[in-house]
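**Student:** Assemble the complex: chain C is given as a structure, and chain W must be docked to it using the hints.
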Amino acid sequence: MMSGRKLWWSVLVVVTVFYAIPMVAMTRFAFQRVPVIKLSWSNVFDKWTVAPIGETFADPNFRSSALLSIGLSVATAVLTVLLLVPTMALAHLRSPRVRRWIEVSAVLPFVVPAIALVVGFAGAFRGTAPLFIRNPYGMVPLLVITALPFTHRTIENGLSSIDLRTLVDASRSLGAGWNRTIWTVVAPNIRGSIATATFLAITVVLGEFTIASLLLKNTLPLYLAYAQGQNPQGAFAVGLVLTAISASLIGITNGIGRRSRR
Amino acid sequence: MAGLSKRQARPLVFLPYFAFLAVFLVWPALYVFRSAFERSGAPRSPMIEAVTGQYRGRFVYSLQLSFASAAIGVLVGSLVAIAVVQLDSIRGVRSALVGYSSVAANMGGIPLAFAFLAAFGMQGLATRLLREINVDLVGWGFKITDFWGIVLVYLYFQIPLMTLILVPALDGLRRTWHEAAQSLGASAPQYWRLVAFPILLPALLGGFLLLVSNSFAAYATAFALSSGSSRLVPVQIRFFLQGETITGKTNLGYAMAAWMVLITALLVVGFQALVRRSERWRR
Numbered sequence: 227m228m229s230g231r232k233l234w235w236s237v238l239v240v241v242t243v244f245y246a247i248p249m250v251a252m253t254r255f256a257f258q259r260v261p262v263i264k265l266s267w268s269n270v271f272d273k274w275t276v277a278p279i280g281e282t283f284a285d286p287n288f289r290s291s292a293l294l295s296i297g298l299s300v301a302t303a304v305l306t307v308l309l310l311v312p313t314m315a316l317a318h319l320r321s322p323r324v325r326r327w328i329e330v331s332a333v334l335p336f337v338v339p340a341i342a343l344v345v346g347f348a349g350a351f352r353g354t355a356p357l358f359i360r361n362p363y364g365m366v367p368l369l370v371i372t373a374l375p376f377t378h379r380t381i382e383n384g385l386s387s388i389d390l391r392t393l394v395d396a397s398r399s400l401g402a403g404w405n406r407t408i409w410t411v412v413a414p415n416i417r418g419s420i421a422t423a424t425f426l427a428i429t430v431v432l433g434e435f436t437i438a439s440l441l442l443k444n445t446l447p448l449y450l451a452y453a454q455g456q457n458p459q460g461a462f463a464v465g466l467v468l469t470a471i472s473a474s475l476i477g478i479t480n481g482i483g484r485r486s487r488r
Numbered sequence: 147m148a149g150l151s152k153r154q155a156r157p158l159v160f161l162p163y164f165a166f167l168a169v170f171l172v173w174p175a176l177y178v179f180r181s182a183f184e185r186s187g188a189p190r191s192p193m194i195e196a197v198t199g200q201y202r203g204r205f206v207y208s209l210q211l212s213f214a215s216a217a218i219g220v221l222v223g224s225l226v227a228i229a230v231v232q233l234d235s236i237r238g239v240r241s242a243l244v245g246y247s248s249v250a251a252n253m254g255g256i257p258l259a260f261a262f263l264a265a266f267g268m269q270g271l272a273t274r275l276l277r278e279i280n281v282d283l284v285g286w287g288f289k290i291t292d293f294w295g296i297v298l299v300y301l302y303f304q305i306p307l308m309t310l311i312l313v314p315a316l317d318g319l320r321r322t323w324h325e326a327a328q329s330l331g332a333s334a335p336q337y338w339r340l341v342a343f344p345i346l347l348p349a350l351l352g353g354f355l356l357l358v359s360n361s362f363a364a365y366a367t368a369f370a371l372s373s374g375s376s377r378l379v380p381v382q383i384r385f386f387l388q389g390e391t392i393t394g395k396t397n398l399g400y401a402m403a404a405w406m407v408l409i410t411a412l413l414v415v416g417f418q419a420l421v422r423r424s425e426r427w428r429r
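Taken in order, these protein sequences are the chains called C and W. Using my numbering, the final residue of the first sequence is 488, and nothing's skipped along the way. Using my numbering, the final residue of the second sequence is 429, and nothing's skipped along the way.
Same shape as in the complex, but just chain W:
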């Protein structure tokens, strides 16, 4: 009897976890989408309105920022990863760089904005030091709150994240493949171009997508840098939906949030597919 009731209870033991996700993740997400399609008298669906007309620029700006910081992050982060693996024979290089990368990749939010204001703001330490060697950031019109300023700040977590993604992929390149290529007469550049690069490509592309979604969802840092006046999509959503204020555009805010979910979902699915592909070589 006891055994029977236990067997029947089996699916129930998983219930709390899935119910929790249903209530606190799925329901809010569904609420966003339901509201995003509610027209409530407006001539066009909020989903259309959110990506056309005056709000289209927000998405363009957010995506440009994400792509720029991801592209530079992939490039520099990969160079650092290669350097770490190349200099692996020197003690401490790997553990120091990989260790700090795991810390820096998690940085963000308000403290990171503070750090970059202190360094590259108008009265920043780095701005001052660069002026000593006749590099006048302020004179060039560089502002930490502008597009390239925010890209620079985002690189602080984008570069280490890419390093963390690529180091294991580089470790997966077997020495025997290099030797095989060499014995067949390949030069070092040929080995990198024809053997290593194609194997690393899924990891590089997957890393790129992860970095794009990473900066696309970021909000706090840009918010603190610009004291709330940023042109990023999340800042606009906040404007439409903050607290109890009635802006008459709440559905538009939900529509922008829905588009963010759709774009992020696309990036995450792409990333997962590429990760599976890049792991094929590591069996």
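The shape of chain C in the complex, shown without the other chains:
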């Protein structure tokens, strides 16, 4: 019995080391100015600096791509909420069949890999609505779709966890219209789910490379790929910051999930 436990412990130790090493290595590369060749136990703590972050922030290319990524995150999150919350709330109330269709349609983005989606999008829109290709914000609908399987699930969980019909009936009988009911009664009651969907959408946008790369839009991941050759330390530092942001967003999301299940 004891040897069984030891076996499982060793599995966890090995996988933890595997998870930790790339992150430790990236951190060291980004913030320590000692090449690996010269690294030894005597200088492990020498020459650590956060200067690479500052150098990157001074780069105007970085600032423009950071602004673009932030703008895309906000736009994607807002469009996701505007599109999903009213539609799904109404489907919950009125039509189990439509609810089922929405559920199936929300898995479709898994079927169309990002690379196929973006080349089809570019081909279809280039001749008909080239603005969507030219303007960086034209890719927002594709980002909404990429995030859809995750955002749909969280909104669905939120709507299933409240007594939607009673809330809506109460609000309607007091004279509130549909819009007012959705945004001032339903939405605040599923705010945890909306926050989660927002964070997931932001995580998707901050990590998305394929779509931006094929449409030649300079988002943060594209800047990273470019800066890898110019200023590797700075690029790795920003990569690490992005990873930390995504990780904390997912961490917060898990926290919200646990709290609302209680």
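Hint data in this document are derived by calculation from the structure and do not stem from the laboratory. Quick caveat, the model's predicted, so the values are computed rather than measured. Misleading hints may appear alongside valid ones.
To be verified - Distance condition first, Cα-Cα at most 20 Å in a straight line; then the derived EDC-like pairs of lysine to aspartate or glutamate:
no.	chain 1	residue 1	chain 2	residue 2
1	W	K395	W	E184
2	C	K232	W	D234
3	W	K289	W	E278
4	C	K264	W	D282
5	C	K264	W	E278
6	C	K443	C	D285
**Tutor:** This is chain W only, laid out in the frame that chain C set:
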């Protein structure tokens, strides 16, 4: 009157959502397939051309990579899941491992490629540390940009994804089933082989399919590792269709994209069917 118009308006309220999907998901997908079948003077349909001759190797390579990383991911991820459930009595083990898995399963793209370059590149920290204990990765010919290197990188999100799939399935194994098997005289290995494994099988197979499609669609990490020279299908599609460049092979690019959709669709449908089957036991 107002009531009447409201009733008529009902289907319309669902219109924006479905119209959005039609325009930004279905139309692009249809465009890919339409172009994939356009022969435009070539002797063979691009759909045939894309999977025969010189481009066949791309699909073989991409699929081999996906199957290898999925197989190892299922194996290791399942071991981690079992370990998490077995050591559940120790506080913090589950929340730490499952929490980190949900973070790592979402990792990928450029930052992950950076992390593995810093660790297992020629001048990587792990490469250096392993050399200290006489494990010479470079001497063995291991390169982070090669097949097994990319598999290693993909395992960073494949293993935790499998853990996340299997932990709930393991939780679904009821203690009473174990006790029933024991009271009927089954040994621990017999219980795992004859009771637990068959119940877990749909989750394991479904997880495998999900991991295959997960790495099959991945693009950014391999692109950053190899600075764009990878042999993966998506990189080839990009070469044919990037921006406005005319390569004369655009339909071939669409055909490769169409094949990717078909393969992914098959994997996703299989996964959904297996998930439904594995949930049968959790009522």
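**Student:** For the pair supplied as a hint, C/K443 and C/D285, confirm whether the alpha-carbon distance does not exceed 20 Å.
**Tutor:** Holds. C/K443 to C/D285 sits at ~17 Å (cutoff 20 Å).
**Student:** Under the criterion that the straight-line Cα-Cα distance not exceed 20 Å, is the pair C/K264, W/E278 satisfied?
**Tutor:** holds, 13 Å
**Student:** Take the C-alpha atoms of C/K264 and W/D282, compute the straight-line distance between them, and say whether it is at most 20 Å.
**Tutor:** holds, 17 Å
**Student:** Quickly compare the C-alpha distance for W/K289 and W/E278 to 20 Å and report which way the hint goes.
**Tutor:** holds, 18 Å
**Student:** If you draw a straight line from the CA of C/K232 to the CA of W/D234, is it 20 Å or shorter?
**Tutor:** The hint holds at about 14 Å.
**Student:** Please verify whether W/K395 and W/E184 have alpha carbons no more than 20 Å apart.
**Tutor:** Distance of about 11 Å is within 20 Å: holds.
Every hint from the earlier list agrees with this structure, and none is contradicted.
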